[in-house]
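A.B. asks: Protein chains in written order, with the working numbering: chain L, 1 to 279; chain E, 1 to 544.
I should point out that these hints are in silico values taken from the structure, not numbers from a laboratory. Here a beta-carbon is modelled for each residue, glycine too, at the ideal position from N, C-alpha and C. Where hints are given, some of them may not hold.
Some chain L residues near chain E, calculated using beta-carbon distances under 7 Å [to be verified]:
| id | residue |
| --- | --- |
| 1 | L56 |
| 2 | Q123 |
| 3 | Q125 |
| 4 | G156 |
| 5 | G190 |
| 6 | R252 |
| 7 | G255 |
| 8 | R257 |
| 9 | I264 |
| 10 | E265 |
| 11 | K266 |
Cβ-Cβ distance ranges computed for the label pairs, FRET-style [what the hints assert, rightly or not]:
| id | chain 1 | residue 1 | chain 2 | residue 2 | range |
| --- | --- | --- | --- | --- | --- |
| 12 | E | Y199 | L | D55 | 50 to 60 Å |
| 13 | L | Q125 | E | G282 | 48 to 58 Å |
| 14 | L | A234 | E | R280 | 53 to 63 Å |
| 15 | L | D41 | E | G206 | 55 to 65 Å |
| 16 | E | K467 | L | Q254 | 57 to 67 Å |
| 17 | L | P207 | E | D404 | 33 to 43 Å |
| 18 | L | L103 | E | T86 | 50 to 60 Å |
| 19 | L | S208 | E | A242 | 21 to 31 Å |
| 20 | L | A234 | E | P543 | 30 to 40 Å |
| 21 | E | D404 | L | L171 | 30 to 40 Å |
| 22 | L | G255 | E | D195 | 32 to 42 Å |
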Amino acid sequence: MVASGPGDLLDSASAAYRSNRLAEAKMLYQQYLDRVADRADVHASLAACDLSLGDLQAALEQTQLALRMDARLVKAHVLLGRIYTNTQQWRLAQESFDRALALNSSDRDGLYFSGLAFHEEGQLQKAVERFLKVLAAGSVEGRLYNHLANAYALLGRSQDADAAFQRAIQLAPDDPEILLAYGQYLIEMGRGNDGSKLVRRSFSLRPSPESRFVLARTLYQQAQYAEAAALLEAGGTESDCRVSNLLVKIYREQGLRQKAQAQIEKLTACLVVGSNATP
Amino acid sequence: MTSLLLLGWLAGSSAHSAAPAGTFPIVFEDLAQQAGLSFVLNNGRTPEKHQVETMPGGVAVFDYDNDGLPDIYLTNGAEQPSLTKTRAAFQNRLYRNLGNWRFEDVTEKAGVGGRGYNFGVAAGDFDNDGNEDLFVTGVNGNILYRNRGDGRFEDVTKAAGLDGGGWSITAAWLDYDRDGRLDLFVVDYVRWDPDHEPYCGDQPAGLRTFCHPRFYAPLANHLYHNEGNGVFRDVSKQAGIADAKGKGMGIAVGDFDGDGWPDIFVANDTVPNFLFHNNRDGTFSEVALQTGVALNDDGTPVSSMGVEMRDVENTGHEDLVITDLAGERFSYFHNDGHGSFVERTYQSRLGGLSYRLSGWGLGVVDFDNDGWKDIFTANGDVQFNTESYSSGDSRQRSAVFRNDGHGGFDLALVGEAALHRGVAFGDFDGDGRVDAVVSALGGRVELLKNSSPSKNHWVSLRLFGTKSNRDAIGARVTVEAGGMRQTDHVTTSSGYAASSDRVVHFGIGTARVVDRLVIEWPSGIRQTVSNLACDRRYDIREPN
């Protein structure tokens, strides 16, 4: 696609970003900035592309450039917080989110990503407070309730967790991530039958490695060994210690000694590699 | 002063806590103060957060003077960096049970104040002279105290050949070759050098934490054979123990495959656990991966700390319960009766209920005498400043997970929040309700009297080997009463760094008679006793 003027370039870049065509969006933002270099918000948009593409250094440079141009750009402060979250620099991350929220106390992204950072850091109560503020600001999303539910679950507030998970499912009944999270939570709370139904539905909607593993683990725990083994075998077991570990247990219950032994050897090698990992 | 400590069900666990507050059938009262137990666990805390500081807290419950009343021994830390007991506050302590919930500090008289920085303790009569001896673990040196039988102990470590270095956390007495003499298994943790303690935490913010175990190299464990002349021989290599290097914290000895030979489980911190299967020829095979207990079903090596191997579900096979850190969930492995284990952490609800707890010591004991063994865990985070960087709690209450008899557990929290570590068990007043002693870093020891209101009946058994080792460690006991059949075994090894009374206790519910009691002695002798009246302790000697 060939864009004519700078305005068209910007529209196309935004459209590409929204469609998750990140490389294309990045290229278009760069083309725009070649022509109009002093737009802080566009540098921030380019930084967002870099962050989504996993290029943290480029994202950091573009964000800092944007903030030098406009120190009051909320979006750039939020991005900086997200970059620091990615590198687990929690204090710097929250300082950036706080600067964003000082400029706009109800900024949805500032609250939301600050909540995620708190969650990742283990500050669950603070995460809950931030998520509740996003809700109070009028943002009603399944994913948000899912994060809230996960935080409640880790805090041991199971009634609140249950309610938030149910609201998340209500808002996004076909979201595989939410179905998996709630299913796994129910299994961990000893409600395996209810949980496995949700995990199975998540897997049927989007068979991710995580949903495959959780479903197989649940089937194994329910003594449905053949189906559990078939699931894992279909997903491949390359360099995944946990899959080999589960297959050892499944094959053992099936009395398939040779297959179990093969997985033990694979698992042993896998664990040796893990134990040599640099601290 | 007496304070009623068990106050209710875990708040917020709506999925499980069906009963209203105050109805939990297991109740403890802390009688430490009135009983004269003034011990404070002193870890010699430093700003450097040396790894040793978060680990001590060994407790032993054993009858050192043979008066029928279980006594209490508590290990202690030391000053740093010298790792020496420079003042009385670092002494290990022995408390003699005077009866009626009164104890007397007899440490000086008994000569068991310890030396160096101590962790675990294991009680066992290694010389078969009828007096319980003590093995105390430490960093850079362990201690073997021989009980002279006159109220005093003598340090025979060097003469026994047990004066090695390293960092040992815990130990267990067992007769692995069934020759009638107790051997010793010593669990080592990691290679640690106080002069090269890494900085962990957030240095710019001045937030220092204890480092993750991955910063320290693993060590092999040691098996010492009792030669019978007061000397032990290190047989780790030839027995196949030395090949497995781990980061051991807990040990449980049992017979998971029911072949009559003791097997050994070692709980490892953040690396796969070990299960040493006894090959009946003086050697062991490490079979944790094959039997499904090296890792949980998620394939994750968790921070395994305390462990117990007991028949939790009254199937006649010994299951495994393991404590670990908050966020990991205590593990429950059900023995399938065919030489393997199936994890039931979630199905039993133990996983969901323990998520926010960091458990160290534990016991699997029938506290309400209903015929089903419950779980007690001593909890407290590994870090002392957890609140400053997370939503977790450093100080935690101990917990009782009551066995509902249908494969599940219900939870109640016990006592005050503290940095609990070790716990050991015994019936201090002989009322048929098993009590507990819990240590806490920087805190006073807790003496928890079991005041459960249950009217259920019980029997307890103190076995004396003649051909077998005198403590009868390794004997398997089966009790049939009221239509229930239960099994347990004699051991002093208990949870984390602890040693419990060797008396075997069974709750028998509403039954008033034990219809049949079967003892399978380590010597191979099988003894059957019928029609035992309830609510009393029996001393049983091994028949010739």
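A.B. asks: For the restraint on G190 (chain L), tell me whether the closest CB of chain E is nearer than 7 Å.
C.D. replies: Since the shortest Cβ distance to chain E is 4 Å, the answer is holds.
A.B. asks: Can the suggested window of 57 to 67 Å be confirmed for the beta-carbon pair K467 (chain E) and Q254 (chain L)?
C.D. replies: violated, 43 Å
A.B. asks: Per the hint of 55 to 65 Å, is the separation of the Cβ atoms of D41 (chain L) and G206 (chain E) within bounds?
C.D. replies: Because 38 Å falls outside the window, the suggested range is violated.
A.B. asks: Do the numbers back the hint for Q123 (chain L), that is, is its least Cβ distance to chain E under 7 Å?
C.D. replies: Since chain E brings a Cβ to about 6 Å from Q123 (chain L), closer than 7 Å, the hint holds.
A.B. asks: With respect to the beta-carbon atoms only, verify the hint that S208 (chain L) and A242 (chain E) lie 21 to 31 Å apart.
C.D. replies: violated, 43 Å
A.B. asks: Would the stated hint for R252 (chain L) survive a check requiring a Cβ distance to chain E of less than 7 Å?
C.D. replies: Constraint on R252 (chain L) satisfied, holds at 6 Å.
A.B. asks: Taking the beta carbons of D404 (chain E) and L171 (chain L), is their distance inside 30 to 40 Å?
C.D. replies: The hinted range 30 to 40 Å holds for D404 (chain E) and L171 (chain L), with Cβ atoms some 36 Å apart.
A.B. asks: Given G156 (chain L) was flagged as interface, is its beta-carbon under 7 Å from a beta-carbon of chain E?
C.D. replies: Hint on G156 (chain L): holds, closest Cβ of chain E at ~5 Å, below 7 Å.
A.B. asks: Hint validation: E265 (chain L) versus chain E, beta carbon distance must be below 7 Å. Holds or violated?
C.D. replies: violated, 10 Å
A.B. asks: Min Cβ distance, G255 (chain L) to chain E: is it shorter than 7 Å?
C.D. replies: violated, 10 Å
A.B. asks: If you check the beta carbons of Q125 (chain L) and G282 (chain E), does the distance land in 48 to 58 Å?
C.D. replies: Check passed, 55 Å falls within 48 to 58 Å.
A.B. asks: For P207 (chain L) and D404 (chain E), compare the CB-CB distance with the range 33 to 43 Å and indicate the outcome.
C.D. replies: holds, 37 Å
Taken one by one, the earlier hints fail for this structure at numbers 1, 7, 8, 10, 11, 12, 14, 15, 16, 19, 20 and 22, listed in ascending order.
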